[in-house]
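Engineer: Residues per chain, in single letters:
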Amino acid sequence: SAVISQKPSRDICQRGTSLTIQCQVDSQVTMMFWYRQQPGQSLTLIATANQGSEATYESGFVIDKFPISRPNLTFSTLTVSNMSPEDSSIYLCSVQGQGGFGISYEQYFGPGTRLTVT
Amino acid sequence: GEDVEQSLFLSVREGDSSVINCTYTDSSSTYLYWYKQEPGAGLQLLTYIFSNMDMKQDQRLTVLLNKKDKHLSLRIADTQTGDSAIYFCAERVSYGQNFVFGPGTRLSVLP
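Here the protein sequences line up with chains A and B, keeping their order.
Just so we're aligned: the first sequence equals residues 3 to 120 in our numbering.
Just so we're aligned: the second sequence equals residues 215 to 325 in our numbering.
Treat the hints with care, since some could be wrong.
Cβ pair distances, simulated, as ranges [claimed, not checked]:
1. Q294/B with F77/A: 15 to 23 Å
2. G296/B with G42/A: 36 to 44 Å
3. G99/A with Q294/B: 24 to 32 Å
4. Q26/A with S231/B: 33 to 41 Å
5. T58/A with D240/B: 16 to 24 Å
6. S7/A with Q273/B: 21 to 29 Å
7. S225/B with S7/A: 30 to 38 Å
8. D217/B with G99/A: 20 to 28 Å
To be clear, the hints were calculated from the coordinates, so they are not data collected in a lab.
Computed from a predicted structure; not experimentally measured.
The C-beta atom is built at its ideal place from N, Cα and C for all residues, glycine as well.
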C-alpha cells in the first residue's frame, strides 16, 4: 500500500488569500488525484495530476482557481486561490497503487487538509 | 451518467452484524470499493471487488455483489464500537478512471 502525507493538516484562512496544500507519497506513482469533500458531503474529484503534463480538471473546476503542480512522481501541490467561505472543505490527495506490470486496482487517500475560510 | 446511492444512516447494537447497502447505475463498472472514514480522518480502503465476482470475504467483512441488480453490500460481523464511522461505496469504470463516490452511510454502534 502507499503511504500518503499532506501538509498542512488543517488551516484557517482569510477570505481572498491563497493556500497551497502539499501531498507526498512514499513511492513513485503515475497518477495523483485531488478531491474535495465539502462539510457533510461525499468526495468530488477536482483534477488528475500526471507528472510531466498539465493537470486535467473536472467539470466545475478551473486551473485559475485550483492550480496544481506535479514536479515528480512522489509529490504534488494543490493551491486554493482567492478563497471564499464556500471553499471551506477537506481536500484529499489520492494515488493509485502500483502493482505488477504497473497495474493496481487499489486507490489510497491521504489524511486530508481541513480548510476553513473566514 | 454515473450515480452511486447509499442510505445515509445505520444504527446497530454492539455484537450484531451490520449490512450497508449501495446501488450504482453504470453497468460497465468494473471495480467497486468500500472505504471507511473515521471522524477527522482520511479514507481507509477496506476492500474492493471485481465485477466478475459475487462475493469476497476478508475477516469480519463480507462484500456481496449482485451485478444484475447493480447492488453492492458490505456486511460487518460482530460489529464493534470502533466500527462507528462513515462508509463510502465507490465505483470505477476502468483502470485509470476516477471514482464516483456514494454519499456515505454513517454507522453508529450502540452499546
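Engineer: If a hint holds in the structure, say so; if it does not, say that too.
Structural biologist: Hint check:
Restraint check, Q294/B to F77/A: a C-beta distance of roughly 37 Å breaks the suggested window 15 to 23 Å. Between G296/B and G42/A, the C-beta spacing of about 22 Å breaks the proposed range 36 to 44 Å. Between G99/A and Q294/B the beta carbon distance is about 27 Å. The supplied range of 24 to 32 Å therefore holds. Separated by about 39 Å at the C-beta atoms, Q26/A and S231/B satisfy the suggested range of 33 to 41 Å.
Distance hint for T58/A and D240/B: a CB-CB separation of about 20 Å, consistent with the stated range 16 to 24 Å. Taken as a hint, the range 21 to 29 Å holds for the pair S7/A and Q273/B, whose Cβ atoms sit roughly 27 Å apart. Checked against the given bound of 30 to 38 Å, the beta carbons of S225/B and S7/A, roughly 34 Å apart, stay inside it. Evaluation of the 20 to 28 Å hint for D217/B and G99/A yields a pass: the beta carbon distance comes to about 26 Å.
In summary, the structure is inconsistent with hints 1, 2 from the numbered list given earlier, while agreeing with the others.
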